[in-house]
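Build out the structure end to end from the sequences listed, making use of the hints.
Residue numbers (the numbering used here), protein chains in the order written: chain A, 1 to 433; chain B, 1 to 433; chain C, 1 to 433; chain D, 1 to 433.
It is worth saying that the hints were derived from the structure and are not from the lab.
Mixed in with the good hints there might be a few duds.
[Unchecked claim] Straight line, CA to CA, 25 Å or less: simulated SDA-like cross-link-like pairs of lysine to any residue:
(1) Lys125(A) <-> Leu290(B)
(2) Lys285(B) <-> Leu122(A)
(3) Lys48(C) <-> Leu309(B)
(4) Lys408(B) <-> Leu309(B)
(5) Lys340(A) <-> Tyr120(B)
(6) Lys125(A) <-> Asp291(B)
(7) Lys48(D) <-> Arg426(A)
(8) Lys284(A) <-> Tyr120(B)
(9) Lys408(D) <-> Leu55(D)
(10) Lys211(D) <-> Leu47(A)
(11) Lys333(C) <-> Pro118(D)
(12) Lys18(C) <-> Ile5(B)
(13) Lys333(B) <-> Leu309(B)
(14) Lys125(C) <-> Leu122(A)
(15) Lys408(C) <-> Asn394(B)
(16) Lys48(D) <-> Asn68(D)
(17) Lys18(A) <-> Tyr99(A)
(18) Lys407(D) <-> Asn393(A)
(19) Lys48(D) <-> Tyr99(A)
(20) Lys331(B) <-> Leu328(A)
(21) Lys125(C) <-> Asp291(D)
(22) Lys285(B) <-> Tyr23(C)
(23) Lys340(C) <-> Pro118(D)
(24) Lys58(C) <-> Asn394(B)
(25) Lys11(B) <-> Glu160(B)
(26) Lys18(D) <-> Arg426(A)
Protein chains: 4
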Amino acid sequence: MNQKIDFTITKLGKNTVKSPIPYSVEKDKGGARFVSDDEFILPSNTLKEQNTDSLLEKAGPREMIYFNPNHVHAGIVTCGGLCPGLNDVIRAVVRTLWYRYGVQRITGVRMGYKGFLPEYNLPVKELNPYIVDHIHNMGGSILGSSRGGSDTVRIVDAMERMNLNILFTIGGDGTQRGALAITKEIKKRNLNIAVIGVPKTIDNDLSFIHKSFGFDTAVERAVEAVNTAHTEAKSAIDGVGLVKLMGRESGFIAAHTSLATSEVNFCLIPEAEFSLEGENGLLKKLEERLDARHHAVIVVAEGAGQNLLEASGETDESGNKRLADIGLFLKEKITAHFKKIGRESSLKYIDPGYMIRASAANPVDSLYCARLGANAVHAAMSGRTGMLISQWNNAFVHVPIDMAVSKKNCVDPEGSLWRDVIESTRQPARMHD
Amino acid sequence: MNQKIDFTITKLGKNTVKSPIPYSVEKDKGGARFVSDDEFILPSNTLKEQNTDSLLEKAGPREMIYFNPNHVHAGIVTCGGLCPGLNDVIRAVVRTLWYRYGVQRITGVRMGYKGFLPEYNLPVKELNPYIVDHIHNMGGSILGSSRGGSDTVRIVDAMERMNLNILFTIGGDGTQRGALAITKEIKKRNLNIAVIGVPKTIDNDLSFIHKSFGFDTAVERAVEAVNTAHTEAKSAIDGVGLVKLMGRESGFIAAHTSLATSEVNFCLIPEAEFSLEGENGLLKKLEERLDARHHAVIVVAEGAGQNLLEASGETDESGNKRLADIGLFLKEKITAHFKKIGRESSLKYIDPGYMIRASAANPVDSLYCARLGANAVHAAMSGRTGMLISQWNNAFVHVPIDMAVSKKNCVDPEGSLWRDVIESTRQPARMHD
Amino acid sequence: MNQKIDFTITKLGKNTVKSPIPYSVEKDKGGARFVSDDEFILPSNTLKEQNTDSLLEKAGPREMIYFNPNHVHAGIVTCGGLCPGLNDVIRAVVRTLWYRYGVQRITGVRMGYKGFLPEYNLPVKELNPYIVDHIHNMGGSILGSSRGGSDTVRIVDAMERMNLNILFTIGGDGTQRGALAITKEIKKRNLNIAVIGVPKTIDNDLSFIHKSFGFDTAVERAVEAVNTAHTEAKSAIDGVGLVKLMGRESGFIAAHTSLATSEVNFCLIPEAEFSLEGENGLLKKLEERLDARHHAVIVVAEGAGQNLLEASGETDESGNKRLADIGLFLKEKITAHFKKIGRESSLKYIDPGYMIRASAANPVDSLYCARLGANAVHAAMSGRTGMLISQWNNAFVHVPIDMAVSKKNCVDPEGSLWRDVIESTRQPARMHD
Amino acid sequence: MNQKIDFTITKLGKNTVKSPIPYSVEKDKGGARFVSDDEFILPSNTLKEQNTDSLLEKAGPREMIYFNPNHVHAGIVTCGGLCPGLNDVIRAVVRTLWYRYGVQRITGVRMGYKGFLPEYNLPVKELNPYIVDHIHNMGGSILGSSRGGSDTVRIVDAMERMNLNILFTIGGDGTQRGALAITKEIKKRNLNIAVIGVPKTIDNDLSFIHKSFGFDTAVERAVEAVNTAHTEAKSAIDGVGLVKLMGRESGFIAAHTSLATSEVNFCLIPEAEFSLEGENGLLKKLEERLDARHHAVIVVAEGAGQNLLEASGETDESGNKRLADIGLFLKEKITAHFKKIGRESSLKYIDPGYMIRASAANPVDSLYCARLGANAVHAAMSGRTGMLISQWNNAFVHVPIDMAVSKKNCVDPEGSLWRDVIESTRQPARMHD
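Here it is in structure tokens:
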């Protein structure tokens with residue numbers, strides 16, 4: 001934690017409206033309770049990393065709110081690649097607005113930020129509890145999604161035309177940077193519009209987000225792919241199963257999947273360098289594994305081993321740099337190696353990306369999304385803006401967008417998660433010279 | 001049915017041993033019963049296609065058997081690509097031999113026919129009910145599998161060295177042709193070895209096999225892939241989901257999957273020609289679909305549209321001709337087309353092949369495999385040889401190998417299955433000029 | 001087949017309207033084809049049971065139909081207990097009416113036949129393809145269901161008031177008898193209303209219905225319950241897992257589930273008598289099993305062992321006689337027996353009934369329902385009435401209601417299914433004196 | 001946190017053996033690292049509840065250990081009711097002992113503490129990585145389990161006879177109290193035996209255990225049961241689905257399940273009192289719900305509403321008091337109430353207990369169990385005793401057994417979890433007068 005930490009949350013103004021939610025207001029009188037503005041969470045779980053000046057505000061419903069529910073017109077937009085749970089978050093936002101606050105003007109913006117831009121001519125979708133009743137059983141986003149379209153000025157123009165006073169942005173790194181720019185443009189124009197983000201990052205790579213929604217579901221689906229690879233590997237002569245998983249800069253999905261199955265022999269992630277050649281290199285170690293057991297399973301995060309590849313220099317519409325395909329690269333290198341040394345081997349390559357990200361959320365993710373969505377509404381109604389809802393240190397908290405996107409969350413190669421992966425895979429702790 | 005039909009089953013000799021199974025032998029006295037050798041099944045379900053001279057022998061346990069169970073040493077081999085249910089069939093064969101007949105010498109040959117060949121140096125695997133107790137919950141084959149290795153003379157040499165008197169060959173078209181050659185070589189050498197096949201063809205393309213084992217499971221998994229494609233398509237601007245499924249010469253998996261989901265808009269199979277260009281061509285029809293609904297799902301069997309591709313002329317180790325990849329071909333053609341006409345569209349291509357074929361069997365396939373395996377043992381113990389176990393016209397029957405491999409089983413483009421697919425997809429009944 | 005067989009199908013009148021479906025009409029010209037009225041299916045698959053005078057009419061779209069689609073108002077009703085696939089059938093009926101025939105007046109009657117009766121005051125539900133788009137992913141029936149309410153005269157009164165000219169009745173034995181009565185009342189009143197049934201019987205006990213829809217899904221869910229019972233049994237000292245499954249008069253679910261898992265040691269069905277006491281009785285055999293393996297799994301169909309119980313003499317609203325609860329009876333008897341002989345044992349009783357019947361259909365059932373529903377619409381549009389859609393001898397056929405309900409379909413205790421169950425469970429072929 | 005907090009961990013002696021695990025020992029040199037004995041975790045995530053004198057020791061592998069791996073004979077026992085993940089923990093313990101420390105004498109004690117008692121005559125089960133290779137795919141415990149048998153003196157006698165120097169006790173509250181008694185008896189006899197517990201409590205009711213293993217899987221299965229109840233309720237006239245879930249003193253499963261589905265209208269837990277009668281009582285509120293929507297789903301934890309029932313005063317073999325059955329009680333009361341007021345309603349009661357607890361762990365629980373088991377081995381090898389492995393405040397930590405069992409972990413009826421449940425169910429915040 002060397003970065004400058006400032007968890008102060010921006011508010012649109014004073015909270016002068018009484019919340020319509022029938023909670024108890026006195027502590028210790030029994031029954032559910034409002035959260036007060038002086039409840040905070042420690043950012044760290046250890047003594048020495050603690051900075052007690054810098055605390056995270058607790059999320060939840062406030063007794064006094066900023067917006068009069070009758071005047072609220074809320075918008076929801078989902079951006080970037082698909083992720084399990086998008087529909088669950090949409091559903092929770094709609095239900096909490098409607099049933100708890102009585103807000104009845106809720107508009108879904110179609111296909112990401114592009115939905116705000118007139119040239120795409122995308123009709124908005126009116127939302128209410130009946131429309132969203134069953135959507136949590138479906139993968140994807142009923143609003144659709146896209147990368148790009150982050151044209152701040154014209155988005156705020158569109159928001160003004162629509163008379164939105166709340167915008168929920170469900171998306172990753174790029175989306176939330178866009179939301180921050182929108183917040184600043186709103187401030188510049190002196191508008192009273194709250195912008196609340198729900199962070200979506202299947203890679204789990206945002207800061208101060210303990211576990212992003214959809215992550216557990218992604219691991220569940222990834223485990224199925226790994227089991228397939230294991231089955232193929234075991235059923236062939238010196239069979240190798242190679243599975244590419246998500247993880248552009250962080251190997252969380254690969255690491256968790258490896259731990260969950262115990263069938264993985266090599267887990268390759270961006271945070272832990274590896275070489276192909278040499279005594280400690282992957283090819284040599286793979287040969288040793290095949291000598292011993294005659295089959296092997298390799299899991300590789302899409303951002304791993306980039307040093308081995310020629311960077312393309314390109315970026316996608318979200319501004320992410322295009323990664324060269326490490327999966328296909330390894331497939332070719334391993335196949336060529338065994339051909340060269342004259343060993344009959346059979347490599348099966350599995351890329352389950354779409355089948356993972358388009359899944360419906362599993363129940364644990366569903367409930368997580370339900371709580372994220374509800375807390376996002378409470379934050380917006382209380383006039384907070386330019387912030388994300390996050391679960392951190394076992395509590396739902398408010399995180400300023402700039403703190404969340406300041407640094408990537410990565411697997412600590414000296415930490416306990418990676419250590420347990422190495423215990424499970426029994427791969428060398430260091431796979432390069 | 002223009003082929004010459006001869007369903008006569010070859011037997012090794014007279015059945016002089018009393019079956020050790022404690023069934024009732026008299027009809028109408030209650031309790032399970034042996035099958036007698038004069039029970040037959042009609043090959044067709046319509047009057048006009050019926051040829052009453054040509055009937056299929058009913059499978060099942062006989063009161064008098066050929067082999068003395070104490071002298072039996074049975075071998076099992078699984079060949080070709082993986083398919084859900086291989087372990088279930090192995091398990092049923094082992095359990096029926098062991099528990100019903102008391103046969104205790106059962107040997108698994110590793111990695112397909114190659115396991116017979118000394119140069120591969122593959123140790124055999126002794127099999128018994130304890131070893132196979134839980135294997136039906138796992139995909140793949142505990143014996144492993146491979147293509148090729150069909151070296152008849154040396155396989156029979158190995159069988160003689162091992163003193164096998166029964167061989168169960170679990171595999172497809174090529175495997176069963178191999179089994180037929182083995183049967184002939186056995187006959188030439190005057191050996192008393194029974195060879196019984198259990199037909200495995202995930203494509204469902206063997207004759208006189210109503211539905212091959214693993215087919216239902218394959219459809220179930222394929223449906224998951226199509227749902228993913230549908231989710232991706234709906235969540236993008238003019239999104240197209242393209243799924244490649246098994247089906248080299250027969251489109252059964254593609255057709256059944258399309259019917260099971262009703263999310264498929266174009267189902268492309270080898271049996272129904274289609275063009276890309278022209279008024280009735282796929283590209284034009286796809287544009288119309290996107291105009292109307294803004295998303296589309298295409299399912300393509302791997303053998304479809306081969307006329308559109310350059311044949312490579314190569315074959316794989318099983319002797320199947322290598323097909324050019326219609327999935328990647330369509331992906332490129334469709335993407336290029338939309339680029340050319342300047343339409344923003346997003347195509348996601350999903351190839352779930354390994355994830356389908358390496359699945360564990362679902363319960364309905366498990367029970368089917370259990371019955372196939374049991375009936376294979378009954379056939380072998382009664383001295384039958386050179387034949388397959390099949391379910392046909394709602395009964396388990398014996399089919400001579402040459403009848404089963406004589407002709408591919410295909411989707412009838414004038415029949416009710418294809419008609420129902422067209423009803424469900426609402427694709428044109430004819431998609432070429 | 002000793003019953004009098006008359007498969008003649010009743011038609012409302014001459015077919016004078018050209019079908020709007022764009023199929024090819026000439027054979028061998030390629031492309032999907034209409035079914036002609038002279039296509040028939042043999043009722044049996046063996047030579048000796050064949051009666052070639054008595055053939056089943058093939059289902060499917062006719063070139064000439066009876067109703068003018070513009071004048072059609074179709075009703076759909078689902079009756080009796082829940083069953084996987086109800087929503088799939090509703091969906092297929094709606095889609096086929098709407099997309100193939102252009103029928104746009106489709107009305108769902110709520111909560112079974114009671115939905116016709118004014119005193120229940122149940123509003124009907126207008127149906128169209130958008131409303132039914134996702135319902136196949138849900139269990140139950142979007143129309144609701146109930147037993148009883150089969151008040152023929154008042155139902156036909158209601159149908160007249162609603163101006164229905166087609167009614168689809170999705171339900172079991174009792175429902176279809178009701179449909180037959182409705183057909184007769186319609187005839188008496190000289191109305192032109194077609195009544196087409198889709199047989200629903202999770203027990204699989206109707207005649208000339210090869211496998212009822214939802215059956216495979218039911219077996220899949222039942223297998224999960226049996227696996228649970230097996231796990232509990234193995235994890236306890238002399239543990240016994242007891243699972244009660246559907247099957248009032250036919251043990252098909254119990255038999256198929258036992259075959260699918262191979263974990264069942266005793267499968268008890270209505271068709272095979274058993275005693276508790278005596279040398280061959282269940283209690284003695286259970287003790288022997290526990291001596292040998294220290295755990296046991298028992299599956300009992302709800303209609304099994306009724307001779308051991310006092311009949312209550314009551315009936316439910318559908319007119320089915322109330323069965324005494326064999327599951328609880330066995331639980332008590334077994335527990336008491338082990339207590340009496342002083343043996344520590346632990347019995348876990350599982351009754352998964354609702355969790356089975358309220359499941360969504362699996363993909364194979366979904367596709368089956370899709371085809372049943374489509375064929376029901378084709379039958380109705382062609383003016384057929386008083387009949388069911390069935391799959392029999394591998395073809396979709398028309399079966400007169402009275403033939404289907406004339407006799408229960410039962411497991412043949414001398415046949416191959418029961419024999420294979422006995423092979424799998426290794427229970428005695430005869431479990432009474 | 002009013003209890004006296006002392007997190008000091010007991011150790012058998014000085015750590016003088018070098019760990020055989022090849023980790024890096026220097027920080028910031030890259031690669032996985034040992035945990036040092038001065039790494040601690042804060043017990044709370046808020047400032048005011050923090051007591052910085054009282055910290056939890058971090059779990060993980062130590063560079064110096066207590067036991068010489070060559071001399072170790074480890075025992076494993078699983079006690080109490082089944083829970084998803086038992087086999088995963090066994091597997092992780094065996095693999096970590098074997099592969100990381102080279103311990104090859106590992107003994108499974110059968111059927112809980114009873115397996116130590118000579119009168120049960122239960123043979124032990126030798127464990128190694130091959131035997132446990134696939135067990136994580138199975139529910140239950142391969143060692144079996146039972147309640148009771150906690151005869152401290154004779155257990156330690158048996159441990160001495162077996163020459164165990166490590167015992168892993170996998171079980172709940174009662175089991176861990178037993179483990180504490182065993183630890184004390186070991187100390188009294190001056191033996192060098194480490195006793196390490198892995199806490200198993202499907203109810204999630206132990207202190208300083210953030211989430212017990214198997215909990216997520218239990219919620220997943222419970223959600224399936226609730227979906228069934230919802231389907232049944234919606235498909236009937238004024239249908240009510242009633243589901244009883246685990247939760248003797250803590251309503252965590254009921255609360256999480258309600259949040260995960262959003263189909264629950266009334267969630268009843270032990271921590272929140274409710275009445276049946278009166279204006280705010282369940283019966284009145286249920287009527288209002290049926291008036292509005294015509295179906296309702298109730299989830300009840302088994303320990304809820306005990307004030308409404310006559311206590312039986314009995315206890316089970318584990319010493320837990322027998323609860324009267326709130327599920328059956330509610331079923332009868334609700335049914336009687338609607339009969340009394342003359343309203344046609346249909347209640348379906350579902351008790352999925354065994355189907356939940358006997359499930360295999362889902363992937364997320366599998367990975368959690370893998371890490372718990374590995375950390376338990378590290379703790380034992382370092383000579384710690386009388387403690388549990390727990391995940392708390394996002395870290396794996398050591399918790400003295402007496403702190404964990406000192407107080408039940410309960411749902412805080414004023415906290416955010418219960419608040420979010422009330423938001424989701426929209427049940428009254430207070431359901432009694």
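### Message
Hinted pair, alpha-carbon criterion (25 Å max): Lys408(B), Leu309(B). Please report holds or violated.
### Response
22 Å, holds
### Query
Given the hinted pair Lys58(C) and Asn394(B), is their alpha-carbon gap at most 25 Å?
Between Lys58(C) and Asn394(B) the Cα gap is close to 18 Å, so the pair holds against 25 Å.
### Message
Please verify whether Lys407(D) and Asn393(A) have alpha carbons no more than 25 Å apart.
### Response
22 Å, holds
### Task
Measure nothing beyond the straight line between the CA atoms of Lys48(D) and Arg426(A); if it is 25 Å or shorter, mark the hint as holding.
43 Å, violated
### Task
For the pair we were handed, Lys18(D) and Arg426(A), check the Cα-Cα distance against 25 Å.
Within the cut-off at roughly 19 Å; holds.
### Message
Need the status of pair Lys340(C), Pro118(D): alpha-carbon distance at most 25 Å?
### Response
23 Å, holds
### Message
Next pair to validate is Lys284(A) with Tyr120(B); report whether the Cα-Cα distance is within 25 Å.
### Response
22 Å, holds
### Message
Given the hinted pair Lys408(D) and Leu55(D), is their Cα-Cα distance within 25 Å?
### Response
20 Å, holds
### Query
Is Lys125(A) within 25 Å of Leu290(B), Cα to Cα?
19 Å, holds
### Task
Given the hint that Lys331(B) pairs with Leu328(A), test it: the Cα-Cα distance must not exceed 25 Å.
Satisfied, since the Cα-Cα distance of roughly 18 Å is no more than 25 Å.
### Lys333(B) paired with Leu309(B) [C-alpha distance capped at 25 Å]
The hint holds at about 12 Å.
### Task
Decide if the proposed pair is consistent with the structure: Lys125(C) and Leu122(A), CA atoms, cutoff 25 Å inclusive.
Violated. Lys125(C) to Leu122(A) sits at ~31 Å, over the 25 Å cutoff.
Hints 3, 7, 11, 12, 14, 16 and 19 from the earlier list are contradicted by this structure; the remaining hints agree with it.
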